[in-house]
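What follows is each chain in one-letter form.
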Amino acid sequence: MARELLRYGLTLRRFWGTAIAGQLEYQLNLLIELLAAVANLAGSLFILSLFFAVPAGAGTTASLGGWSWPQALVVQGVYTLLDGVATTWLRPNLGAIVTHVREGTLDFVLLKPIDSQFWLSLRTLSPAGLSELVLGVGLILWAVPRAGASLSPVGLLAAAVVLVAALLTLYALWFVLATTSIWFVKTWNATEVLRAALTAGRFPISAYPPGLRVVFTLVLPVAFLTTVPAEVILGRGTPLAVGSAVLVAAVSVTLSRAFWRFALRHYTSASS
Amino acid sequence: MRRIARALLVSQIALMSEYRAEIALWALSGLLPFIMLALWSQAPAGAALGFGPEGLDRYFLSAFLVRQFSVVWVVFAFEEDALLGRLSPFLLQPLHPLWRYVAAHLAEQLTRLPFAAAIAALFFTLNPGSFWWPSPGRLLLAWLATLLAFAIGFLLQSLIAALCFWSEKASALERLLFVPFLFFSGLLAPLAAFPPGVRAVAQWTPFPWLINFPARLLAGLPVDAAAGLAAQLAWIALLLPAALLLWRAGVRRYTAMGA
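Chains as they are written, first to last, in the numbering used here: chain A, 1 to 272; chain B, 1001 to 1259.
Among the clues, some could well be false.
Unchecked claim - Quick list of simulated restraints, FRET-style, between CB atoms:
#1 I1236(B) x S152(A): 53 to 61 Å
#2 Q27(A) x I1236(B): 29 to 37 Å
#3 L1244(B) x R257(A): 53 to 61 Å
#4 L1009(B) x T254(A): 47 to 55 Å
#5 L1084(B) x G104(A): 36 to 44 Å
#6 L1091(B) x H266(A): 42 to 50 Å
#7 L1244(B) x E25(A): 31 to 39 Å
#8 Q27(A) x L1244(B): 28 to 36 Å
#9 L1009(B) x Y26(A): 45 to 53 Å
If you're looking for bench data, these hints aren't it; they were derived computationally from the structure.
Glycine included, each C-beta is placed from N, C-alpha and C at the ideal position.
Let the hints inform the model, and build the full structure from the sequences given.
This is how it looks when you write it as structure tokens:
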């Protein structure tokens, strides 16, 4: 078991070393990505600020679904962080699954003496999302004290746990969608639909109408991706919230694994 | 000339209808305005816009529809064609290659029509109170404004596409164009919600004329149609020669990939 883990660890180092070396060939692209990430965050903050513009004399303090401006910024920060992870890790890997299926190169992956889900999920990295990662963390660190929250060691641990749970949930969603390309080769842009739907996570879930809140919690777990982690980071998380985030992540990952096995049983290779 | 246009359109429509499933998903991936509508309908800032609840619904549905029929992807198609060497035969034909992409876009919009209509129908089933039928004059103006918005978007992206003659990865630059489009076009928030200073600046960019203006026309909200159409035409008058000139300069230094 330990030797097996070591083997996977060494493989991973090779994978990422070559991927980054390859990507560094395009330095201008990295600069453009950095500019785009900064502009994108600035634009998102601008749109968010529009919800906090209260007409003079309204007598209420501005809030978005009960979240104050710095609190809502934490949600934006978590979203930016997750989006950075998606760009760095999920999009380059899971986007390639469709190409493998279409061109028949998935056969070569399946023949390798290594777990195919591992290979497909972790084969490459793209530094394009790194700027978003940094911006997201920066925004969270900036906004947390302004929201009047401070992190205790226990709180920090809980925040780390829910963030990892959010990452795993996000991964499972992407992976399940990418897996469907085994049947529907042509629907590669289904991931774009997912991305569009996930942008709902830029805002706290309580800002949506009640019907959508249910959808974003039970059907598409957007709530567990950004709102719950933000609540925990702000020290407002309940043990129940942390527990359900972990449960959602565990169920999602297990389902993605089972779904991949199921899909492989139906895989007949290209042109056969 | 008419024969060429017909042949191009018919062949592109046949090609695009092969990709119905993909195009349906693209249509679905444009659901961002509906997410924003859900937020604006709940927020006090949305009520302060003075659109009324139906006005807000209609604005964002219109924004969705306008976006569906003005989506531009010429830079991606062109980059692929240039990298794979498909561009060379296109350049030999006695037809500006951009026309081929124009036909492809129009054909794709036609293929999108039933999906966009289905999404609109679903929207009205969920919100029967906000159903409206624009007056024929407004409908015609909105259609014209959407067409002009498509033209502006197409020319803007063609400018970037022409840069593919100099760099293999010009599509990365499209991201820098998309970000201001996203935030200043009115797709996420009507321009009426912007602070006056920002709104004044945004009016001088092409972006509000791409979504905000046609969407307001379609939604039946008060709007200065003449000024908007004039602004759209001015942008086309500015961008069309620029795109053609850059394109000509690019073709002159084009040596086909790998040469």
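Hint check results:
1. I1236(B) x S152(A): 53 to 61 Å: Hint holds: Cβ distance 59 Å, inside 53 to 61 Å.
2. Q27(A) x I1236(B): 29 to 37 Å: holds (36 Å)
3. L1244(B) x R257(A): 53 to 61 Å: holds (54 Å)
4. L1009(B) x T254(A): 47 to 55 Å: Holds - the Cβ-Cβ distance for L1009(B) and T254(A), about 50 Å, lies within 47 to 55 Å.
5. L1084(B) x G104(A): 36 to 44 Å: violated (19 Å)
6. L1091(B) x H266(A): 42 to 50 Å: holds (44 Å)
7. L1244(B) x E25(A): 31 to 39 Å: holds (33 Å)
8. Q27(A) x L1244(B): 28 to 36 Å: Since the Cβ atoms of Q27(A) and L1244(B) sit about 32 Å apart, the hinted range of 28 to 36 Å holds.
9. L1009(B) x Y26(A): 45 to 53 Å: violated (37 Å)
Of the numbered hints given earlier, the model fails hints 5 and 9; all others are met.
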